[in-house]
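Q: Line by line, the protein sequences give chains A and B.
So the first sequence is numbered by this note's numbering: it starts at 1 and just counts up by one.
So the second sequence is numbered by this note's numbering: it starts at 1 and just counts up by one.
Fair warning: there could be bad hints in the mix.
[To be verified] Below are the EDC-like pairs computed for lysine to aspartate or glutamate, each with C-alpha atoms no more than 20 Å apart in a straight line:
(1) A/Lys124 with B/Glu37
(2) A/Lys235 with A/Asp209
(3) B/Lys75 with B/Asp123
(4) A/Lys260 with A/Asp34
(5) B/Lys149 with B/Asp123
(6) B/Lys179 with A/Asp34
(7) A/Lys124 with A/Glu169
(8) B/Lys149 with B/Glu227
(9) A/Lys124 with B/Asp184
(10) A/Lys76 with A/Asp255
(11) B/Lys34 with A/Asp58
(12) A/Lys113 with A/Asp34
Hints in this document: simulated from the structure, not taken from any laboratory.
Residue strings, one per chain:
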Amino acid sequence: MIAAGCDVGSLSAKAVLLEDGEIIATHVIFARPDPAESAEEVMGLCLEKAGLGFDSIDYCVATGYGRNQIPFAKEKASEIACHGKGAQTILPSVRMVIDIGGQDAKAIRLDDKGNVTRYVYNDKCASGTGRFLEIMAGAMGIAVSEMGEISTHAVNPVTISNQCVVFAETEIISLINEGRELPDIISGLHRAMAHRVASLAKGIELEDDITMTGGVAKNTGMYSSLEEALGRPLKQVTSDPQTIGALGAAMFAHDALTGKTNNIQTIIPLRATAHKTCAFDMAQS
Amino acid sequence: MIVAGCDVGSLTAKAVILDNRSILSHAVIRARMKPNESAQEVMEIALSKAGIPMNNIGFCVGTGYGRERIPFVNKSISEITCHAKGAAYLMPRVRTVIDIGGQDCKAIRLDEKGNIVKFFTNDKCAAGTGRFLDVMCGLLKIDLEDLGKMNDRAEDPLTLASTCTVWAQAEVIHHLNEKRPIPDICAAINQAMAGRVAILARSVGITKEVCMTGGVAKNTGVVSCLERLLDVKIRRLSIDPQIVGALGAAVFARQHCEKNSGVFSVPKGGVSYDSRRV
Chain A
1 MIAAGCDVGS
11 LSAKAVLLED
21 GEIIATHVIF
31 ARPDPAESAE
41 EVMGLCLEKA
51 GLGFDSIDYC
61 VATGYGRNQI
71 PFAKEKASEI
81 ACHGKGAQTI
91 LPSVRMVIDI
101 GGQDAKAIRL
111 DDKGNVTRYV
121 YNDKCASGTG
131 RFLEIMAGAM
141 GIAVSEMGEI
151 STHAVNPVTI
161 SNQCVVFAET
171 EIISLINEGR
181 ELPDIISGLH
191 RAMAHRVASL
201 AKGIELEDDI
211 TMTGGVAKNT
221 GMYSSLEEAL
231 GRPLKQVTSD
241 PQTIGALGAA
251 MFAHDALTGK
261 TNNIQTIIPL
271 RATAHKTCAF
281 DMAQS
Chain B
1 MIVAGCDVGS
11 LTAKAVILDN
21 RSILSHAVIR
31 ARMKPNESAQ
41 EVMEIALSKA
51 GIPMNNIGFC
61 VGTGYGRERI
71 PFVNKSISEI
81 TCHAKGAAYL
91 MPRVRTVIDI
101 GGQDCKAIRL
111 DEKGNIVKFF
121 TNDKCAAGTG
131 RFLDVMCGLL
141 KIDLEDLGKM
151 NDRAEDPLTL
161 ASTCTVWAQA
171 EVIHHLNEKR
181 PIPDICAAIN
191 QAMAGRVAIL
201 ARSVGITKEV
211 CMTGGVAKNT
221 GVVSCLERLL
231 DVKIRRLSID
241 PQIVGALGAA
251 VFARQHCEKN
261 SGVFSVPKGG
271 VSYDSRRV
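Chain A with its partners taken away, still in its complex shape (with noise of 0.2 Å):
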């Protein structure tokens, strides 16, 4: 039986494909501004991988933020719940996943049966999101994925003291200006963006098990220095994390056909820890 998850997030779209609960394939492409021609594709590319069809899928879940457009999606479940999902069919003892996307970051709280008893998300303010090292890579003129390997050969990494993308930006310009090696410069925005990710996570309290997802964890340099700022290893999941969240969905998708959940809208948790993101919300509060 094929159940297949799609995840259409604001930047990339994700597939996975299952045969009786085993990866069969995945597939990851840069997002269309149509969330339904961006599921089309990633779905089609990732079938054509497995040498499958449209009609081979016995149940699709679709997830992430155009999750609502996805024509070919019987179920619809949230990407907190897929996350979560994700991450504990590849590392069963994992508690706690840190997912950070193109537009937002989450840290979401399992118990062992998979459960997220709680979570917390910032996608109010650009900074501790994939967006940020996007603006920074283009500001430096070089591509996000070479973010972490420049960042491995930093001899004295900078401080960067603003937390606004905005201004930080401002504050790398003038850093390169001032002559500071591009490795310094990567390895203090990774240093930073890491500190604020991890108070986003310890706002609902850090647990052991530890598990970092989306495309940023691909980012060696960002993953070592949220270790750092967490203060405590990370678990590392095998397959691509930029999958997991699709991955979450076909494990959902699976478990329909196989009669384990009958109603995966009920999978859809609960109220959101409340997170300050910027210095507006604290003024309101």
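Place chain B on chain A using the hints.
A: Below, chain B alone, put in the same frame as chain A:
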């Protein structure tokens, strides 16, 4: 006695020359890379307008972000104190001062003697500062001066849902791609800006006598949105709102000469956001 005030901000530098009775001259320039160069240049312009040499200045007070690096000042005083002083000098009844600078925003509450009772500043987040408008004007390819006037031409004003400058930028790009009229987009930008500032202003308490200082006070769109949001009439100043900080510094300089006693303390009871908490 002739005195001067010099306010070196992140984007502009301002100078005011004052005698016993009135403002002799003032100048505003775009800031240079080094605060001392900005200070020197703006002061020279103000002095030449007044037709007096530097050595005629009896006392000079510096303020603003670059105040510690102005070579010719006798004393430096915080912007908050100077803005409050300048506003109270122009408008003795004023109780709430909203100052929006190039990279920050402050709301200051004064008592009937013009003393600072409470203040809030935001310099951590670009939203609600002049920088937000700067970024948006860059996207729309219009001058900052024109942004406010555009409000009057908006027929069907749009809105921006995001607080964050980065996300709001994406919204503006979306509106541009949808070919929405520029004045309608400008109205959304001014409204969003006013929304941020209103939050800060409310946190110090809105009184009947409110005035606005700083460059953004020249943006009529933001001012009228803010009046609606706060449900108060914002008093117009008789001088360029951008020079109020420098004026306050000059008033302190004059007081110093008159009393020859230091009253230059940083206000107590102020709260600055600690956004390090994420």
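Q: Checked against the structure, which of the hints given earlier come out wrong?
A: Violated hints: 1, 3, 4, 5, 9, 11 and 12; rest satisfied.
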